[in-house]
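Required output: the full structure, derived from the provided sequences and hints.
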Amino acid sequence: EETEPAGESGLEAAFGEEPPPEAEDGIDPIPELEEPEAGNAKASADMHAPAAEAAESEPDRPEAGAEADETTQERDQTSGGAAAGKKEDLSSLLDDVRNADSAESLAEEITSDVEEDDFRSHYDLGMAYLEMALYTEAIKEFQIASRSDQIRIKSIEMIGHCFLMQNNPRLAVKQLLRGLELVKVANSESLGVHYNLGLAYEMLGDAEKAREHFEEVYIVDISFRDIAEKMKKLSTVS
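Under my numbering, the residues of the sequence shown are numbered 1 to 238, in order.
If you are wondering where the hints come from, they were derived from the structure by calculation, not from laboratory data.
Any given hint could turn out to be false.
Stated by the list, open to error - When the alpha-carbon atoms are kept at most 20 Å apart in a straight line, the in silico EDC-like pairs for lysine to aspartate or glutamate are as follows:
{"no.": "1", "residue 1": "Lys184", "residue 2": "Glu215"}
{"no.": "2", "residue 1": "Lys233", "residue 2": "Glu202"}
{"no.": "3", "residue 1": "Lys154", "residue 2": "Asp113"}
{"no.": "4", "residue 1": "Lys232", "residue 2": "Glu212"}
{"no.": "5", "residue 1": "Lys233", "residue 2": "Glu215"}
{"no.": "6", "residue 1": "Lys209", "residue 2": "Asp226"}
{"no.": "7", "residue 1": "Lys184", "residue 2": "Asp226"}
Right under this line is the structure:
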């Protein structure tokens with residue numbers, strides 16, 4: 001029975017529960033044993049709250065829970081903040097274009113500030129310029145955006161639409177037919193292309209070809225824009 005304390009003492013020593021001898025430099029490590037728990041609690045809380053340092057530039061990003069993640073966190077904050085900042089800057093610059101006396105020259109400056117391979121931003125710029133009736137500037141942006149596989153057809157459609165707005169249906173037809181060659185099969189992506197081709201042929205006075213393209217839209221989506229009205233109007237044309 002008197003050997004049990006010795007056994008317990010051995011277990012305590014094995015698991016580090018018995019206080020070790022005081023270090024030679026006089027520092028007692030025992031009071032530090034509780035600190036990891038507090039540190040873990042703080043790290044856990046930080047994962048659900050914005051980081052203090054990141055709050056100014058990116059409030060929604062949580063603080064990393066360990067020093068090993070700090071570099072990754074900073075990189076993510078930089079890229080995320082840059083993307084958000086780019087969008088805000090783009091919006092602000094577009095407001096300047098809307099209010100500028102010489103919108104065309106200012107639009108040229110904005111275009112040069114956008115990365116060449118940032119196709120989505122070029123597409124968004126094109127839509128903004130189209131809304132402001134800056135058709136030449138919009139065409140430039142859509143031409144850049146059309147290099148992207150994801151938005152190529154839509155960009156080509158919008159280029160054709162810009163040519164129509166410039167009262168140049170022949171160029172619109174050339175551009176839109178190029179888009180149809182890429183689509184090949186009638187689907188939702190081709191509806192806008194067919195519709196604008198119908199408008200272009202209407203402007204050229206070719207009712208038969210206009211009807212052909214409007215029909216391609218009508219058989220896929222009868223509620224597309226004013227296609228029902230277009231079909232009704234063309235049905236009276238011999």
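Results of checking the hints against the structure:
Of the supplied pair hints, the one linking lysine 184 and glutamate 215 holds, its CA atoms being roughly 16 Å apart against a limit of 20 Å. Simply put, lysine 233 and glutamate 202 have alpha-carbon atoms about 11 Å apart, close enough for the 20 Å limit, and the pair holds. Pair hint lysine 154 plus aspartate 113 does not hold up; C-alpha atoms about 23 Å apart against a cutoff of 20 Å. For the proposed pair lysine 232 and glutamate 212, the alpha carbon gap of about 13 Å is at most 20 Å, so the pair holds.
Annotation: proposed proximity of lysine 233 to glutamate 215 holds, straight-line Cα distance about 12 Å (limit 20 Å). Restraint check for lysine 209 and aspartate 226: the C-alpha separation of about 18 Å stays at or below 20 Å, so the hint holds. A distance of roughly 24 Å separates the Cα atoms of lysine 184 and aspartate 226; the hinted pair therefore is violated under the 20 Å criterion.
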